[in-house]
Amino acid sequence: MTGPLRDTAASALGLYIHWPFCQAKCPYCDFNSHVAARIDMERWKIAYLSEIERVFSENPGRILTTVFFGGGTPSLMDPDLVAEILSALQTAAPQANDVEITLEANPSSVEIGRFRAFREAGVNRVSLGLQALNDDDLRRLGRMHSAAEGLQALTTARAVFDRVSFDLIYARQHQTPDDWAAELHRALAFEPDHLSLYQLTIEPGTVFQRRFDQNQLPGLPAEDPAADMFDLTQRICEAAGLPAYEVSNHARPGAESRHNLIYWRGGDYAGIGPGAHGRLTRDGIRHATETERIPEAWLSSVETRGSGETSITGLSRREEAEERVMMGLRLAEGISLSDIIAIDETEIDHAALAEMQALGLLHIDGDRMTTTPRGRPLLNAILAKLLA
Amino acid sequence: MTELSRIRNFSIVAHIDHGKSTLADRLIQLTGTVAERDMQDQILDAMDIERERGITIKANTVRIEYPARDGHTYILNLIDTPGHVDFAYEVSRSMQAVEGSLLVVDASQGVEAQTLANVYQAIDADHEIVPVLNKIDLPAAEPARVREQIEDVIGIDASDAVEISAKTGLGIPDVLEAIVTRLPAPKGDRDAPLKAMLVDSYYDPYLGVVVLIRVIDGVIRKGDRIRMMKTGGTYGIDRLGVFTPKMKDIAELGPGEMGFLTASIKQVRDTRVGDTITHEKKPTATPLPGFKPSQPVVFCGLFPVDANDFEDMRDAIEKLALNDASFTSEMETSAALGFGFRCGFLGLLHLEVIRDRLEREYDIDLITTAPSVIYHIYMRDGSMIELHNPADMPDLTHVDHLEEPRIKATILVPDEYLGDVLKLCQDRRGIQLDLTYAGSRAMVVYDLPLNEVVFDFYDRLKSVTKGYASFDYQMIGYRQDHLVKMQILVNDEPVDALSTMVHRDRAEARGRAMCEKLKELIPRHMFKIPIQAAIGGRIIARETLAALRKDVTAKCYGGDATRKRKLLEKQKAGKKKMRQFGKVEIPQSAFISALKMDG
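Keeping their order, the protein sequence lines are chains Z and H.
Quick note on the numbering used here: the first sequence kicks off at 1 and runs consecutively.
Quick note on the numbering used here: the second sequence kicks off at 389 and runs consecutively.
I should point out that these hints are in silico values taken from the structure, not numbers from a laboratory.
By construction, the Cβ of each residue, glycine as well, lies at the ideal position given by its N, Cα and C atoms.
Chain Z side only, calculated, beta carbon under 8 Å to chain H, not exhaustive:
#1 ALA226
#2 TYR263
#3 GLU322
#4 LEU378
Listed below are several chain Z residues computed to face chain H (Cβ distance under 10 Å; list not exhaustive):
#5 GLY14
#6 PHE31
#7 LEU197
#8 ALA227
#9 VAL247
#10 HIS259
#11 ILE262
#12 GLU323
#13 MET326
#14 LEU359
#15 GLY375
#16 ALA388
Whenever a hint applies, use it, and build me the whole structure from the sequences.
This is the structure:
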């Protein structure tokens, strides 16, 4: 066999490392992020290294193909800590030649100053949280940086790293489809090869949710303009050579996030750090792992029990099939029907499938099932029917 | 047994929130009838629903021993009657069981329509009435004005009304003294054959049916064989007693006394309110007058949200029916909602109470269809059909004409809201019968079709008058009108549970309003959905619900898989709250909400 190891091969493994701290909590964010006055980097280092050893000894014979530092704001990590973690990984497991190591970064000046050190530590891809290209919207989103700082970070990142992606949030307060189209054109003018474009959604438990419930979040686009914005995003990005390969992710062919593709394609990944999840196949059964969510609890769990893991659950065939359909249909490439049937042949409701084909929401070509351009923005509704 | 002259039997008449239950609590407390540590608010209201809503559904009695200022100890029997118009018949029987009433009026609010209805019942029962002005401690209290109002509106002397604050206890001893000195003692013949009124009854899981009685003539003893004169049932008395308000056994009850009996009666249905109880061997010749079998006036369909709950629901309905003779049910099949029951109620409150109890005590989620009244359908062949359910409307070619029940509604309202009230009544096809003023409040009397009232009339009335109007009604008979059955079609399929009877002149407006409402209530689907109203084959209103355009999670990565999967599971469970009509899912709440009118 020639060519690189496939990221979803049985022996391949992606690793997600969660850094739970931020300088400030963004009001729309429902991720596991915390603001701490002081962080004992030494303690955290020891804990991460201990978890790396545990995970790879529990899953021997794995080849590491991707690493993803997510958060929180991992660009606030001490670059030495990132270097120690990556070097520990080199001894813990064999790595693919083309290992992809991504780090999420925010565009503050402190973090920009660390980019070079991160690269020297081994990071070869960054994902920048620009979120918006104008100061008013950045303020409303509770971001700590200006639009100018964002663009400065982008310039520096591109000078330092081979692969740079950035995030934007749209369907913001008072934003019209025209506003968003103009902003997206500006973003594309930087000729990125990867973009994550998220519709602003009001998540439970966030500050935005509270404001929304109190009618203090005026001007959010209604369903129709929001759907228009989704449609024009697809059109504009495709014309620029960055088609959507996933609901919210756009890339030049070949520039996709390999780590994230593992999630959507049903590959194995381990999760380290507070609240990190994993999916690990052992003895033919796919297991879901979870860790302590609260940073301090995770630390002391690792220190006292020698593990941050709180649960490891074998998924039923049905649950596994459900996840595969749910995650796989997010991708433009869709899913393989025979793959799903091999996991659990009863999972898909064929009457619902036929109905949604007739409605032009799902498309089947041989073994592959994909959402149509009209179906993709309706994925939740489609899944609810399909997996009934 | 107690000497007649030392007995006083009375009820308390009051509008909701005017302090009836609080006054009862105080009377019980002050006479030491209940130990301080056992005292709780609204001690006479046993059901959760009664406590929560501050209403009384079942009659209760309590026997209070009161050492009066004249040195004698009196037995005071307080009967706590239901206060709502739905239970007007039950109230009338309770009133017949006592000789006097305390008329409690909130000194800051004045007389309300419900007060009026109940006080007229008391007057009809020849009661001596002692006016009591409550909440006298409130800064807004206007005892002089309210006295005048009582005299003007009700026409009874209020010059020596007792002023109290049931909350603080102020004036309570004066109330007790007034009961003894101003209310008449009961009359009765100890040596005559037994004649007792069945005042009310309820089911107790340990004792079986407990019957509340008032002895008119004769003496009833434990072990006696008795006969219910209307139902014909004969029983041996197991237990005889009084409520203090705890049950306390007693050897006998003589004329003028009130208490309870148990007699291994299995079903409340076997005990009819207003029936006469007599001895099996030596019966009275003349039963008490005024007995009426109860008749449901409002009907609706109740369906389990989860079809698997049907059997549980059948059991629950049977159990409830055992305890409530005025509630009727028969199985119904709806194309839209599956198996359920068509149930009859005394009124809207009764409907709500039963539905609440099914949901709460038996833990069954229900879909309630639009309440309907009984229409009389006169067929061309001269026969008459009672229509309880619009879905059963016969083919029009065989129908000669329809009649609908009408009510006489009495509404008391502050002057500034009068215009809105008149408009509401006109909009609901009302005919004004009377309009008079009592101080700054207007009293309007309307002849209204019951079907315009059963649904949301009271809610609308409260809303247009900011809660200041009070409302009461009585049935006045049937009248012919031009009524049609309006169907609703969702995605071209008729939804039988949304069929209603409407007046022909209002059908277009009604149909439009319902289609607009449904457009908001039905969530968008993956395809567009026409919503139409039709009379016969003719479409009279139409709306289109646009197709869903966007429903996708923006971010879904490795950490979201579990959460997303659980969300999907929850969505599936949530679908149980929806009903499938062809390809369309309609939320259960839509069946009632679609009918609510804003105007």
